[in-house]
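Visitor: Grab the two chains, each in its own frame, and use the hints to assemble them into the complex.
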Amino acid sequence: MSVIDILTRVDAICKKYEKYDVERLNGDNVAGDDAFARLYASVDLDVESALQKAETASQEKNRAAVVALNAEIRRTKARLLEEVPKLQRLALKKNIAFCEIFLYQVKGLSKEELSTRNDLVLALPDRIQSIPDGSTNGAKATGSWTASASRTEIRFDSTSDGRFESEYFQQTEESNQFRQEYEMRKMKQDQGLDIISEGLDTLQNMAHDMNEELDRQVPLMDEIDSKVDKATSDLKNTNVRLKETVNQLRSSRNFCIDIILLCIILGIAAYLYNVLKK
Amino acid sequence: MATQDPDKLMAKADNLTKLSFTRWNADWRNATVLYEQAAVGYRFKKENEKAKEAFEKASKGQEMISSPWDAAKHMESAAALAKELGHWNEVSDFYRKASELYRECGRSQPASDALGKGASALEDTNPDEAVQLYIEACEILEEDGKEQMAFDLYRAVTSINVKLERYTDAATFLLRWGVAADKCNAVNSQCKAYLSAIIVYLYMHDFQQAQKCYNDCSQVGSFLSSDQGRCTSKLLSAYEESDVEEIKRLAQSSPITHLDHVIIRIARKLPTGDLKELKKEEDKAEEQTLDENDLT
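Which chain is which? The protein sequence lines are A and B, in order. When you number the first sequence by the numbering used here, it's gap-free, plus one each residue, and the end is 320. When you number the second sequence by the numbering used here, it's gap-free, plus one each residue, and the end is 1417.
Certain hints may be false.
Anything over 10 Å on all C-beta distances counts as not near chain A; from chain B, calculated [said to hold, decoys possible]:
(1) Arg1144
(2) Val1161
(3) Arg1224
(4) Pro1231
(5) Glu1260
(6) Asp1303
(7) Asp1337
(8) Leu1357
(9) Lys1369
(10) Lys1390
Computed list of lysine-lysine pairs in BS3-like fashion (alpha-carbon distance at most 27 Å, straight line) [to be verified]:
(11) B:Lys1133 x B:Lys1171
(12) B:Lys1133 x B:Lys1166
(13) A:Lys230 x B:Lys1369
(14) A:Lys269 x B:Lys1267
(15) A:Lys57 x A:Lys128
(16) B:Lys1194 x B:Lys1129
(17) A:Lys272 x B:Lys1267
(18) A:Lys269 x B:Lys1194
(19) A:Lys272 x B:Lys1194
(20) B:Lys1218 x B:Lys1171
(21) A:Lys95 x A:Lys128
(22) B:Lys1133 x B:Lys1167
(23) B:Lys1194 x B:Lys1139
(24) B:Lys1238 x B:Lys1181
(25) B:Lys1390 x B:Lys1284
Hints in this document: simulated from the structure, not taken from any laboratory. Yeah, the Cβ is synthetic: ideal placement off N, Cα and C, and Gly gets one too.
Here chain B stands alone, though its shape is the one from the complex (with noise of 0.2 Å):
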């Protein structure tokens, strides 16, 4: 069957769907057979557009037919050519439908899987399309209680985010990560997460964020006594004293060398700007603060 030409085999199958005078049902179940084997053969033959359009319809077929795995599966093969052929929105449109129909299935992991492989295939060229799949997918997880395996998705979503500079952005994510770590009581994970953020708050330069931040999650019982939490109260006190030697040496140290090498990265960029000024800050609103009383 293989051999035939897969040209005659869509055409057959197109004659088949196609309602006209003699035919009043389109016969679905052959036709879907029809244009699996044409999409195969215009797979073999590389001939990607043609192969992307006979995907797709096979996939119709078998929505039709009622199976909506096939059908799924039958729209992410059509969706990797797409991204062979570079056609992005496309791209987007076939994950998102795939991962709906998986969906149907009841099984919430594999759509997750299609909206991630739709994201990491869209992180260079529309990151913030790609940025978007990520979060459904991570949603879906959510919803299912499967956060152990959105740990990958939160590191891949971080990473878009702090190449595109969108550093709140990357430490609410991370955030978020740390609230589905400790909903599976990965502990490890959670206090890694908090420590990242915080390291993200402190490379926009914005201190008192990262001190509202470490306030925050030193109420984590877990995360205050562990050694990331000792770290980042170091690096705190660190830059509370100006201390640019110190926040060299605890960048080195080993609680940072284990954080996700994206991380890393701005870490051993650190002390961003003047530390000075962080403390002419303060004493502003220190000073901001004692007028104000004076006044009353």
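With the rest of the complex left out, here is chain A (with noise of 0.2 Å):
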């Protein structure tokens, strides 16, 4: 029989003759100045009040409760497991700080307490991990969830939706009536989320006809583009040439000479008349 069972044995033993154990209680505080002492009682006591907790809640009839025991479970293993590092560390340390430095003291570790000490922190992280939490039968139904659909698809949280039947669960009045309007709100969900659906495929089937709409009208705006560059460019031609020649028609070289042969032609016919007057 090795060390660890003895411990564990002897453990069990002082822990149901706790309360007539006055000395413990009062020497709590004996392995203060051992610190590996003081961490690894600490520990302990956490993986007691944990195994206590996990039997009240495989008793406990409020599945509520449950689940809150559960969760606080959880929480201390994972702090506990981030604890039993330190712990090994400190064990190591202890070996090497003191067998070097306090060769010849008292309060250095010998051999055996050495060895029980590694027993024990090596022993620590499976029992940390056998405390029952309630999760382990969960691990198994999220490993059957697996994608099918050819695409993505928006899936809910369904871990634990067929398995109410399971003796896990005991159901009573209450459970039954929440179970009920969770399954009629879900239903109500549903029904909005295909509303939605149709919506979305009406949208994409416009939108794309929209698309194909604008694809085919591209080139006939290419068309009317150059044909309206086309017809500016005339415009402008021809106003250029407009105004040449309204310039030509009211340069003022052009209007003197009008007059002066005006002016010639009256006197003339002024000479005419008075010639014929006489």
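Guide: The following block contains the structure:
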């Protein structure tokens, strides 16, 4: 039988007769000077309390309370698992530090104690993991959850949908009502989502048609563009030529010549008139 | 000028064009102007027969002075009047002539538009002729590379064919529509055309043909992975399993509701006939092949 087994047995027995153990209650700070022993004691205490909680959880009727307890246990387990590496380091440090510096110290650890401490630390993670926290069944359910759709679909949390019949979950009036309400709400949500998806399908179809229509109109617009460009340049040309023509017509030189010629004609007319009158 | 009596204008114009002893060359330029005015006058007075004749002569005049565009325009007006008068063969003739004149100008779109107008005018009275005109219109556009504009024409042809219950023709045109859509990368229209064709085949209760059509269309990658492709495969598998509920449910589903309304109507009537018959036919076909193997 290994040391670990003996230790666990001793622990179990001590726990049983704990209330008679005045010394232990007073001697909680015996290991105050020893860091490793302190930490180990605290971890041990936590493990015990977690185990107690697990026991109450398995007997609890109220599902909400069960859930809360399980959550607490899980938290504790996580915290403890973090402490384990610290303990390991401390155990080793003890070995190295004390053996080197305090070779002849009474506080120094003997070889047996070293090995026991190592064994304790090694056994600790297993003990922590073995605390039941109600999550072992859940892991299997999530494992069977494969994505089989040809496109990605929106999935909602449905881990323990069909698992309400196992003896782990006991039903009460409250929980039945609760479950019914949950189903109703889920159905309503599904209906709403169906309507939304229909609307989205229509939108998609309209968008595709609009896309094709715009593609159809792009070359037409290009044609219009080039034709209008041509018309604009023609118009500009015509305008320039018109401007030149109008300027020519209204140039002052032509105007003066017109006036002079008019005067000459009037003069000739007056002269003829005079001659004829005579 | 419009106040002048159109009859007088017509008479004058005829004088100008008729070759006689004193006149060696017909004066088409002036005659055309007079003919146009006379035609407008007649149309205003709602004398459709005379207006139609006037437009015809005006068009001929424009041809003579080598302006095919105006000639085609006048032909179209004449054809519209002929439609109102109910001279159906004249309608098709005039529209065809107008389309040819547009092609002379090198403008394919108005040419096909003219044929399209003629076909829609003849849809009720002479549907075969209408189908013919639509096909010619589609061909003109396809020659010119303007398949996008042909979609409406294909749609009209399909609806006429379905109305006449010529389902194989309808399916053929739907597949041609798919080809046209493919050329201009209109994937959505292409997939819709293929889905419509398969629905038409199923409506004819020709499951083998539908299956073959689906296999052919699946060669086109974009159809296979589209909504319409998925809907088609579900529809065909529902037919194979003779699941009437499933067929009816799929006919209400969204890819089919976004098709042309003519197709939706026949889709809602699916399944036609007995689904078990289809199974029996299939089994018989399989048995026959087995027998042949035994003989050899």
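Visitor: Now look at each hint and say whether the structure bears it out.
Guide: The hints, checked one at a time:
1. Arg1144: holds, 38 Å
2. Val1161: Valine 1161 of chain B clear of chain A: closest Cβ-Cβ about 27 Å, beyond 10 Å.
3. Arg1224: holds, 18 Å
4. Pro1231: Per Cβ check, proline 1231 of chain B is outside 10 Å of chain A; nearest 13 Å; holds.
5. Glu1260: Holds, since 19 Å exceeds 10 Å.
6. Asp1303: Aspartate 1303 of chain B clear of chain A: closest Cβ-Cβ about 13 Å, beyond 10 Å.
7. Asp1337: holds, 22 Å
8. Leu1357: holds, 17 Å
9. Lys1369: holds, 17 Å
10. Lys1390: holds, 22 Å
11. B:Lys1133 x B:Lys1171: holds, 15 Å
12. B:Lys1133 x B:Lys1166: Given pair lysine 1133 of chain B, lysine 1166 of chain B holds - Cα atoms ~19 Å apart, limit 27 Å.
13. A:Lys230 x B:Lys1369: holds, 24 Å
14. A:Lys269 x B:Lys1267: holds, 19 Å
15. A:Lys57 x A:Lys128: holds, 26 Å
16. B:Lys1194 x B:Lys1129: holds, 24 Å
17. A:Lys272 x B:Lys1267: holds, 23 Å
18. A:Lys269 x B:Lys1194: Holds - the C-alpha atoms of lysine 1194 of chain B and lysine 269 of chain A are around 21 Å apart, at most 27 Å.
19. A:Lys272 x B:Lys1194: It holds: about 24 Å lies between the C-alpha atoms, which stays within 27 Å.
20. B:Lys1218 x B:Lys1171: Given that 27 Å is the threshold and the Cα spacing comes to 19 Å, the pair holds.
21. A:Lys95 x A:Lys128: Holds, at roughly 25 Å.
22. B:Lys1133 x B:Lys1167: Holds, at about 21 Å.
23. B:Lys1194 x B:Lys1139: holds, 24 Å
24. B:Lys1238 x B:Lys1181: OK: lysine 1238 of chain B and lysine 1181 of chain B at ~21 Å, within 27 Å.
25. B:Lys1390 x B:Lys1284: holds, 15 Å
Comparing the model with each earlier hint shows no violations; every hint is respected.
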